[in-house]
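First to last, the sequence lines map onto chains A and B. Numbering follows our numbering, with no gaps: position 229 of the first sequence is 790. Numbering follows our numbering, with no gaps: position 274 of the second sequence is 281.
Do not take every clue at face value.
Unchecked claim - Pairs of lysine-lysine, DSBU-like flavour, derived with a Cα cap of 30 Å:
#1 B:LYS488 - B:LYS9
#2 B:LYS397 - B:LYS451
#3 A:LYS850 - A:LYS630
#4 A:LYS636 - A:LYS782
#5 A:LYS760 - A:LYS850
#6 B:LYS255 - B:LYS484
#7 B:LYS293 - B:LYS383
#8 B:LYS252 - B:LYS359
#9 B:LYS451 - B:LYS484
#10 B:LYS286 - B:LYS462
#11 B:LYS91 - A:LYS690
#12 B:LYS488 - B:LYS275
#13 B:LYS383 - A:LYS826
#14 B:LYS347 - A:LYS826
#15 A:LYS815 - A:LYS782
#16 A:LYS577 - A:LYS760
#17 B:LYS293 - B:LYS9
#18 B:LYS41 - B:LYS486
#19 A:LYS900 - A:LYS951
#20 B:LYS258 - B:LYS275
#21 B:LYS389 - B:LYS347
#22 A:LYS690 - B:LYS97
#23 A:LYS675 - A:LYS850
#24 B:LYS450 - B:LYS397
#25 B:LYS389 - A:LYS636
#26 B:LYS347 - A:LYS773
#27 A:LYS630 - B:LYS383
#28 B:LYS46 - B:LYS484
#29 B:LYS9 - A:LYS636
#30 A:LYS636 - B:LYS255
#31 A:LYS826 - B:LYS488
#32 B:LYS383 - B:LYS9
#33 A:LYS690 - B:LYS347
None of these hints come from the bench; they were simulated from the model. Keep in mind that this is a model prediction, so the values were computed, not measured.
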Amino acid sequence: MNYEVVIGLEVHVQLKTKTKSFCGCSTEFGSEPNSQVCPVCLGFPGSLPVLNRSFLDYAVKVALALNCKVQEYTKFDRKNYFYPDLPKDYQISQYDLPLSREGFLDIEIDGRHKRIGITRVHMEEDAGKLIHQQGVSLVDYNRTGMPLLEIVSEPEISSPLEAYEYLNNLKSIIKYLDVSDCDMEKGSLRCDANVSIRKIGEKALGTKAELKNMNSFKAVKDALSYEIERQAQVLDSGGKVVQETLLWDEKQMKTFSMRSKEGAKDYRYFPEPDLPPFIISADRIGEIKKNIPELPQEKKMRFMKEYGLSEVYAQILTCDKEDAGYAEECFKAFADKDKKPVANWLIGALSAIASSHNRGISEEKLSPENLIDLIVLVEKKQIISNLVGKSVLEEMVNTGKSAEAIIGEKNLAQISDSSFLENLADEVIKENARSVQDYKSGKANAIMFLVGQLMKKSKGKANPKLAQEILKRRLENV
Amino acid sequence: MKLNTLTAHELIEKLGRNEIISSGIVRSLEERIKEVDSKVRAYVRKGAQGCQVTSHKDGELKGVPITIKDNICTEGFNTECCSKILDGFKPPYDATVISKLKSAGAAVFSLKANMDEFAFGSSTENSFFGTACNPWCLECVPGGSSGGSAAAVAADEAIWALGSDTGGSIRQPASFCGVVGLKPTYGRVSRYGLIAFASSLDQIGPLTKDVRDAALLTNIISGHDVKDSTSVDMQVPDFTKSLEKDIKGLKIAIPKEYFVEGMDPEVKSTIEEAIEKLKTLGAEEKQVFLPNTRYAVPVYYIIATAEASSNLARFDGVQYGFRAESGKSGTEGSLIDMYKRSRGEGFGQEAKRRIILGTFVLSHGYYDAYYLRAQKVRTLIKRDFDEVFKDCDCIVTPTSPTPAFRIGEKLDDPLRMYLSDIYTISANLAGIPAISVPCGFTKKGLPVGLQILAKPFDEEMLFRVANAYEQATEWHKVKPKL
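The following block holds chain B by itself, in its conformation from the complex (with noise of 0.2 Å):
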C-alpha cells in the first residue's frame, strides 16, 4: 500500500509502531505529486521550491506531512493567495494554525495549494497561476476558493490540507472532490496569519479523507490565541471522543427553503437516500424552515466584498508584493499612478469585481441602503439558526446545489457562479460551523457532498453525526482514477 494514499490516523498509527518513517511519506507524496499533477494543478509554484518541510516529529502527529492553502502565512515559504499582486511574498512568520501544526509534529509542505485568487471564487479558474481541475474530471472544477487542497487530498497528492472558509471555501470543494472538509464557529480557530478576505466570515479549516481525521486535525488548530481578538477563549474539547457516540434518537433538520428550485435531480436524490440513511441508523427527521435563507446571497456579497474592499486596500506596491513601474516620477501624480497600474495589473478580473462591489456599498449615501442593511438581515439568518437550534440537534442539507461543473461553464456569468454557495453561505453569515461529507456519486461518477450544520461550537455534534453517516457508508473509500 502506497503511504500517500492512507489517511493521517493511519500514518500515526504506522510511524508510532516505526513500520515506516516521515520522509517515506513525504518521498511517496512527491512522486505522486510528479505522476499526476501536471493535470490536476492542486499546487503552485512547483518548479520554485520543491517540497521542502519543517518538520518537529515530536508531537503527536510524528512527522506526518500536511498541505495549506496559499492565503495562510508560512514564514519563509511564498504565500501569494495566487495572486499576482502578492508576487515573491514570503511571510516573516507563521500563522497561528502553522505554529500549533508546528509544534503538534507536522511536517509541513513548502509547496502550497491551489486557489482562487484571494479565496475569491468557487471554482479555482481565479488563479493566477492557472485552474486546478477535478480528479474525478478533469474537465470539471474542483471547487473553490480551497480547490487545490481538496483536489490534492482527493488525488491522494496530499495526506490530508488546510484551507479556508469564507462562504462555503472549504466545503463546496470537499463535496465536489469527495472529500470531508470542515468550516469550524467563527472564533474556533485563530485567523492570525490567514490573509484576510472578509474578516467576519473567514475560518480555518480542514480538508481530510475521513471524518477521524478531520476531528484530529480540528483538536489540534482549535483555541483561543491573543493575537486574534475573535477568537474565542474556551476549552476545546478533544473532537476524536465524537466518534464514539451513535446518533440514536438525534433530531435532524430538514430545512423545506433548500430542497427547491435550481437544485440538481441526482444531488436531490442523493441526499434523501443520505437522509433515509442517518434515519436508519436512529436519527429522527424534521422539518423545519429558515425562511430569511432566500437573502442569503445578497447579504453575503454585500458584507464579504465590503470588507474584501478593505482588507486589500493594503496591496499598494508600497512595501511588498507587485510594483508596477511608474510612467511619471517626484510628483503626487506619480504616487496615484503607481497606485493605480500596480492594482491595475496586479489584481485578476474577480477581484477587481469584488473590490469595486465592496467600495460601492460602502460608498457615502449607500452605506445605509446596502451595508448596514445587509448586517440586519444577518442578523435575522441567525436567529432563523437559534430558532431551529432549540428543538434540533443538527440541520442537513446538499453541500452544493449541483456536482463539480466544468471548467469555463459559470466563469462568464458571476451570478450563476455565486449561486452555487448558496447553501454554505448562511453558516458563515451565521457563525455556525458545518461540515461536508461524501454521500454519493452522480451517474457521471461525479462526488456529491452532504452538509451538516450545528450551533455554534458545536462541532462535537458535526462529528458524531458525520462519523456515524461514514461509518455506515463505503463512499470516503472510493478513489478517483488518475
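With the rest of the complex left out, here is chain A (with noise of 0.2 Å):
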C-alpha cells in the first residue's frame, strides 16, 4: 500500500557564548569534567540565574535568519522533572511565550523547491552528561547551563532526503551566523525526529514514533528511512502503530523502543520566578537584523547571477560560510567573464584534495591568486594539460610553491614544438602497426589510443591536441 509520510524535527543547537547561559562559567568543550561549574549552574541552595546577554542575542539572531518573528515580551518557564544530570530538577526553559514563532526554512531537492514551517525557536539550559561505568555512574556538569536553542519544525517534512536538506540547510545558516558549531559528533547539535505514516489522501495524522539517539545527518535519514518501513509493514499486515520513543541503533541500522509514550510527560511549567519576563525592544531586534551576514540562500542566487553559475553548482560553493567566501575571490580574480572553469576546479580538482585531508576549500593553504594561476596555465595558455595541472595543484596544496615554480622546477611545460612531435608521431605510427591499421579500416578512436602512446613517450608533457593534430596528418600519409 501508498502512505504519505509526516516529519517533524525538533532540533536542539548549542550556541558558542563565552560563557553560560545563566552565570559565567566558561563553555569551552573538552575540559576537564566538572570543571567549568559554579553554584549556579550546580544549582547549589540559594543561587540565582542571571541571564546572559549574548545568549539572548544570539538565539534572536537565529529566529531572525529562520524568518520568524520574535516576540517583544518573552518569559522563561521550569520544566520540573527529576534526573541526576539536572541539578536543580528542573530545567530553566521557555513555554508559552517562547522567544519567536511562525518561521520557515527553504529547502530544494532535484530542482524542487519546498518551504518548511517553523513553529518555534526558544531558549534553554542544557543538562549535564552522565557517564555510565561498570556499576556506578559519574555525572559532569561542565555541560549544565550551557545556552541551547530549541528549534522545532511544523510537521511539514515528507520524505527522510527532506530531512536531510532541512537538516543540511539549518546547519549552514546557523554556521553563518557564527553562533554554534553544529557538530553533531561532539553534541552540539541534536535532532529527535518525530515521524507518522498515513494513507495517500488521508486528514487524519497516523500515530507517531519519535526518533532520539542519531549522531549525524545521514543516521537521522537512515533512521526515518527504516521507522517509516516497519510502520508500512505493521499497517499492511493489519496492525497499529504504538506511540513510543525509539532509539536508532547506527551499528545494527535498526530502531529500538525505549519506553511507550503512553500519556504526555507532566513537566509542570510555571513562570522562572528567579527571571523577571523581559522586553526585547525593536531598536534590538533592529541592530541585531543588521549584523545578520549574506545567509547561504541569498549567496546561493547571487553567486547563479553574477558569475552564471549553475544552481547545483552555487549550491555547492555556498553551503559553507568560508569555502563561499574562498570560491568568491577566486571568481574575483580570474579576468574572464566565464567563471565556469574556476567553478569546476574549486568543485573537482581542490575538493577533492581538501576531502581528502577532512577540511574546507577555504582550509587548504592556497591563495586564490596561485590558483587563477594555475588555472589560467591549464585553460588558457595550455602551458600543462588537465592531468599535469591536477598534480601540480596537489603539490601546490602541499608545498605552497606556485604552479609556475612547480612546471618550471620539474619541467613540465607542455611540448608544443612541431618537429619534435612529429618525430615522436613517427615512432608511434612505426611501432603501433596494428592500431595504425585499425584507423585506417575506419576505426576512429584507435586514434586515442595512438595518441595516448605518444604522450607516454613524451613522458605526459606532449600538447595532447597538437599530438592528436599532428598524427592524424601523419596518418594519412602512411
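From the two separate chains plus the hints, produce the assembled complex.
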C-alpha cells in the first residue's frame, strides 16, 4: 500500500557564547569533568540565575535568520523533572511565550523547491552528561547551563531526504551566523524526529513515533527510512503503530523501543520566578538584524546571477560560509567573464584534495591568486595538460609553491614543438602497425590509443591537442 | 550594664569611643547563650561549632555581632534550613547580604538561628533541631518561621538578627517576641544566598531591639545586586534620616476587614490603643477597604507551595546534604529508590505537605484552576493596596490575630496554623514593605505587635511612623524575665 510520510524535527543547537546561559562559567568543550562549574550552574541552594545577554542576542539572530517573528515580550519557565544530570531538578526553558514563532526554511531537492514551516525557536539551558561505568554512574556538570536553542519544525517534512536537506540548510544558516559549531559528534547539534505515516488522501495524522539517538544527518535519514518501512509493514499486516520513543542503533541499522509514551509527561511548567519577564525592544532587534550576514540562500542566488553558475554549483559553493568566501575571491581574481572553469576546479580537483584532508577548500593553504594562475596556465595558455595540472595543484597545496615554480622545477611545460612531436608521431606509427591499420579501416577511436602512446613517449608533456593533429596528419600519408 | 542587652547603635557608639571592644560583646553573648539557650533554643548546632565570628572591624558596624537565620548562606558555616536533608551543608559562598554585612564591619555569628524547616511554618515547631521557645513564656511558640532570630534578639542572646519573610516569617515572630521586624519591599534586598522557599515572595529583613537598629541594618543590606535579577536597581536612601521626622498630618489607613472575626479581643484593644496613640501624635485615621484580602491565605498557599515544590526539588541526595542508602543498585530503579528514600527520610512532615500541595496545583489539568487563578487574584490584592496608597501614607493593622500560642496547640491543625499569617501574607503577595513594632502586652504578659504597611520602596514611611510610635511608648524597653 502507498503511504504519505509526515515528519517533524526537533533540533537542539548549542550556542557558542563565551559563558553559560545564567552564570559566568566557560563553555569550552572537552575540559576536565566538573572543572567548569559554579554554585549557579550546579544549582546550589540560594544561588540565582542571571541571563547572559549574548545568549539572547545569538538566539534572536538565529530566530531572525529562520524568518521567525521575534516576540517583544518573552519569559522563562521552569520545566520540572527529576534526573541526576539536572542539578536543580528543573530546567530553565520557555513554554507558552517562546522567544519566536512562525518561521520557515527553504529546501530544494532535484530542482524542486519546498518551504518547511518552523513552529518556534526558544531558549533553554542544557543538562549535564551522565557517564555510565561498570556499576557506577558519574555526572559531568560542565555542560550544565550551556545555552541551547530548541528549533521545532512544523510536521511538513515528507521524506527522509527532505529531513536531510532541512538539517543541512539549517546547519549552513547557523554556521553562517557564527553562533554554533553545529557539530553532531560533539553534541552541539542534536536532532529528534517525529514520524508517522498515513494512507494517501487521509486527513488525520497517523500515530507517531519519536526517534532519538541519531549521531549524524545521515543517521537521521537512515533511521527515518527504517522507521517508515517498519510502520508501513505494521499497517500492511493489519496492525497498529504504537506511540513510543525509539532509539536508533547505528551499528545494527535498527530502532529499539525506549519506553512507551502512553500519556504526555507532566513537566508542571510555570513561570521562572527568579528571572523577570523581559521585553526585547524593536531597536535591539533592528540592531541584531543589521549584523546578520548574507545567508546561504541569498548568496547562492547572487552567485548564479553574478558568476553565471548553475544552481547545483552555486548550492555546493555556498553551503559553507568560508568556502563561499574563498570561491568568491577566486572568481574575482579570474579575469574572464565566464567563471565556469574556476567553479570546475573548485568543485572538482580542489574539493577532492581538501576532502581527502578532511578540510574545506578554504582551509587549504592555497591563495586564490595562485589557484587562478594555475587555472590560466592550464585552461588558457595550455602550458600544461589538465592531468598534469591536477598533480601540480596537489603539489601546490602540499608545498605552498606557485604553479609556475613547480612547472619550472619539474620541467612539466607542455611540448608544442611540432618537429619534435612529428618525430615522436612517426615512431608511434611505426611501432603500432595494428592500431594504424584499425584507424585506417575506419575505427576512429584508435587515434586515442596512438595519442596515448605518444603522450607516454613524451612523459606526459606533449600538448595532447597538437599531438593528435600531427598524428592525424601523418597517418594520412601512411 | 551587660553589653548583650544593648542595641547595635548603642554598641557602635561605645565602640567608637573605645569604651568597649568587639570581642567583649561576643563574650557577653556567649555567656548569655550558655545561660538561657537550653531553655529558649534560639540557636542550633551549639555543640558543633561554638561562636566563631568573621569580623571586619573597619566598617561602620565596628565589629558588632549579628545572628543569621539558618537559611541564609554563610561561607564555610553550616547552613541547613533546620532540615535533615541539608545535613552538613556548608555553602562555599556567602549570601550577598552576608558579604555586605562583612564589608560593613559586622561580626557574623557562625551559630545560626533556629527556624521552621525551610521556613515552612509559623511557630518554629517544624525545626529538625527541635522547637524554639518564646522568651516571654517558655510554653509558648516564638512564632515563625524566623522564630530563632526573634527569640534570640528578645532574650538578649543576639544584638540583632537577620530573618526571612515569605508570608510573615519576620513580622509574626517579631510580634510574638516583642521585637521590631521588617520585611522590605520585594526587590529591595538581594535574595542571592537565601535558600529559596517561594522565590516571588521571599525577602531578607532585620529583627532588632528598636526601630533605629532596623533602619541601620536595612541601610546595609539593601541595594541592587547583579547576582539577583529580581533585585531592583534604584537608589537606597539613608533610612536613619526617616527617624528624625514626626508623623503630624500623615494619613493612616485602617482596613475594615482586618478587625473582624477570629481576632483575639486583647490584641484588638491593644491595637486600638496604639492607633489612638498615633492619632495623638498627629496622624489622621482613615477607614479603608481591602476587599480581596480575604483571598490572601488561599492564594498564598497556592503560589508559595507551587514555587516551593520546584525550589525544593534539588534536594535529591545527588550532590549535597543527606542521601539515604539505596536498597538496590545498578538499575534505574535504584536511582528512583535513592530519590524516594532521601526525600522521604530527609524532609519533615510540613515540608512534605507543602511539596505535595505545590506539585498538585502545578499539575496538568489543575494549573489553570489553581496557579493561574491565584496569580490573577494576587494582582487584584496588589491593586487594592495601590488604591489605598493613592490617598493614604500607610496602613496599620495587627501583625497577628493572636499573641503567641502554646507549643503543640496548632501543630495538628495546619489550617488554623496557616490562618495565623492572615495579616502578614498580603504584603508579600503585593510585594510591599511592612514592619512590626511592639505595642503592648496581654494580661498574661505576651507581647502584641503593630504592623505598618507602606507602598513599594517606601520603607522610609515605615521607619518614620514606627519610630515616632516607639519614641512615644516604652514597650520596646521591657525585657522578658528568664
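Do the hints match the structure? See the list:
| no. | hint | result |
| --- | --- | --- |
| 1 | B:LYS488 - B:LYS9 | 15 Å, holds |
| 2 | B:LYS397 - B:LYS451 | 40 Å, violated |
| 3 | A:LYS850 - A:LYS630 | 12 Å, holds |
| 4 | A:LYS636 - A:LYS782 | 35 Å, violated |
| 5 | A:LYS760 - A:LYS850 | 43 Å, violated |
| 6 | B:LYS255 - B:LYS484 | 24 Å, holds |
| 7 | B:LYS293 - B:LYS383 | 28 Å, holds |
| 8 | B:LYS252 - B:LYS359 | 47 Å, violated |
| 9 | B:LYS451 - B:LYS484 | 18 Å, holds |
| 10 | B:LYS286 - B:LYS462 | 21 Å, holds |
| 11 | B:LYS91 - A:LYS690 | 28 Å, holds |
| 12 | B:LYS488 - B:LYS275 | 25 Å, holds |
| 13 | B:LYS383 - A:LYS826 | 26 Å, holds |
| 14 | B:LYS347 - A:LYS826 | 19 Å, holds |
| 15 | A:LYS815 - A:LYS782 | 12 Å, holds |
| 16 | A:LYS577 - A:LYS760 | 43 Å, violated |
| 17 | B:LYS293 - B:LYS9 | 43 Å, violated |
| 18 | B:LYS41 - B:LYS486 | 18 Å, holds |
| 19 | A:LYS900 - A:LYS951 | 18 Å, holds |
| 20 | B:LYS258 - B:LYS275 | 21 Å, holds |
| 21 | B:LYS389 - B:LYS347 | 39 Å, violated |
| 22 | A:LYS690 - B:LYS97 | 25 Å, holds |
| 23 | A:LYS675 - A:LYS850 | 25 Å, holds |
| 24 | B:LYS450 - B:LYS397 | 38 Å, violated |
| 25 | B:LYS389 - A:LYS636 | 21 Å, holds |
| 26 | B:LYS347 - A:LYS773 | 28 Å, holds |
| 27 | A:LYS630 - B:LYS383 | 28 Å, holds |
| 28 | B:LYS46 - B:LYS484 | 22 Å, holds |
| 29 | B:LYS9 - A:LYS636 | 54 Å, violated |
| 30 | A:LYS636 - B:LYS255 | 45 Å, violated |
| 31 | A:LYS826 - B:LYS488 | 58 Å, violated |
| 32 | B:LYS383 - B:LYS9 | 52 Å, violated |
| 33 | A:LYS690 - B:LYS347 | 22 Å, holds |
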